[in-house]
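Peer 1: Sequence:
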Amino acid sequence: MSKSELIKLSGWAFILGGFSFAAILTGSDLFAIPGSEISAILLAVGLLGLRARYGEHVGGFSRASLLLGASGPILLVIVIAMGLSGILTETQITEGLWVLLFGGPAISLLGVSLFGLAALSSQPMPRMNWLPFFAGIWYPAVYFFLAGYLFTHDGEYPGQYHAAMQIIFLIQFLALCALGAVLVSDTPQEMTTV
Numbered sequence: 001m002s003k004s005e006l007i008k009l010s011g012w013a014f015i016l017g018g019f020s021f022a023a024i025l026t027g028s029d030l031f032a033i034p035g036s037e038i039s040a041i042l043l044a045v046g047l048l049g050l051r052a053r054y055g056e057h058v059g060g061f062s063r064a065s066l067l068l069g070a071s072g073p074i075l076l077v078i079v080i081a082m083g084l085s086g087i088l089t090e091t092q093i094t095e096g097l098w099v100l101l102f103g104g105p106a107i108s109l110l111g112v113s114l115f116g117l118a119a120l121s122s123q124p125m126p127r128m129n130w131l132p133f134f135a136g137i138w139y140p141a142v143y144f145f146l147a148g149y150l151f152t153h154d155g156e157y158p159g160q161y162h163a164a165m166q167i168i169f170l171i172q173f174l175a176l177c178a179l180g181a182v183l184v185s186d187t188p189q190e191m192t193t194v
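Counted from 1, the sequence shown has number 161 at position 161 by the numbering used here; the numbering is strictly sequential.
It is worth saying that the hints were derived from the structure and are not from the lab.
Any given hint might turn out to be false.
Stated by the list, open to error - Just the calculated beta-carbon pair ranges, DEER-fashion:
hint	residue 1	residue 2	range
1	30	82	35 to 41 angstroms
2	151	87	14 to 20 angstroms
3	127	151	36 to 42 angstroms
Claimed, not checked - With a straight-line cut-off of 25 angstroms between C-alpha atoms, the simulated SDA-like cross-links for lysine to any residue are:
hint	residue 1	residue 2
4	3	80
5	3	71
6	3	64
7	3	123
8	3	127
9	3	90
10	3	155
11	3	156
12	3	15
Predicted model, so just to flag it, every value in this text is computed and none were measured.
We put the beta carbon where it would ideally sit given N, CA and C, even for glycine.
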């Protein structure tokens, strides 16, 4: 696969990752958990393409943060393996550790956010250098708030914040689609093959 094909594929992966991420909005575990897992994988592919496209224009911190983000699916594998092996009990999961199932996209999007912070100063993209930060910050912020809330409230879900979380996830979806569209359209001419 050529570099330009990887970049275009990663743009589409961000867009599809946004759609699978939107499954979290359903509120149904039947859709939300697989959507979270698929989203983490697609976002990891998107991050690798983002790194391939802009990695040479940013510092080591940005390249490392994109690799950190690409490791998001590893958390999912660990959590699923712990559940299947009996390390995580049903009681632990119902008391709040279920939030770990949604950690993969949080890690991936945290990587996008960290890259976005660096992109604000290094300006690697021809336009919309604010978009990676904007596309990445929403879900990790909600995820870490929710994890903290569950920890301090004995696993009780904060229903009073549900509508706000839905709006934030919708913003996340739109921003991921926009970031994917930028990657799809921003393959330099010297990279394209005829």
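Peer 1: Decide, hint by hint, whether the structure agrees.
Peer 2: Quick rundown of the hints versus the structure:
1. For the hinted restraint 35 to 41 angstroms between residue 30 and residue 82, the CB-CB distance of approximately 21 angstroms leaves it violated.
2. Checked against the hint of 14 to 20 angstroms, the C-beta distance between residue 151 and residue 87 comes to roughly 19 angstroms, which is consistent with it.
3. Roughly 40 angstroms separates the CB atoms of residue 127 and residue 151, a value that falls within the hinted 36 to 42 angstroms.
4. Of the supplied pair hints, the one linking residue 3 and residue 80 is violated, its CA atoms being roughly 33 angstroms apart against a limit of 25 angstroms.
5. Only pairs whose Cα atoms come within 25 angstroms are accepted, and residue 3 paired with residue 71 is accepted, the gap being roughly 20 angstroms.
6. Straight-line distance between C-alpha atoms of residue 3 and residue 64 comes to about 19 angstroms, which keeps the hinted pair within the 25 angstroms bound.
7. Restraint check for residue 3 and residue 123: the C-alpha separation of about 21 angstroms stays at or below 25 angstroms, so the hint holds.
8. Between residue 3 and residue 127, the direct Cα distance comes to roughly 20 angstroms. Compliance with the 25 angstroms bound is thereby established for this hinted pair.
9. A threshold of 25 angstroms between alpha carbons decides the hint, and for residue 3 with residue 90 the separation of about 45 angstroms lies outside it, so the pair is violated.
10. Pair hint residue 3 plus residue 155 does not hold up; C-alpha atoms about 45 angstroms apart against a cutoff of 25 angstroms.
11. For the proposed pair residue 3 and residue 156, the alpha carbon gap of about 46 angstroms is over 25 angstroms, so the pair is violated.
12. Between residue 3 and residue 15, the direct Cα distance comes to roughly 19 angstroms. Compliance with the 25 angstroms bound is thereby established for this hinted pair.
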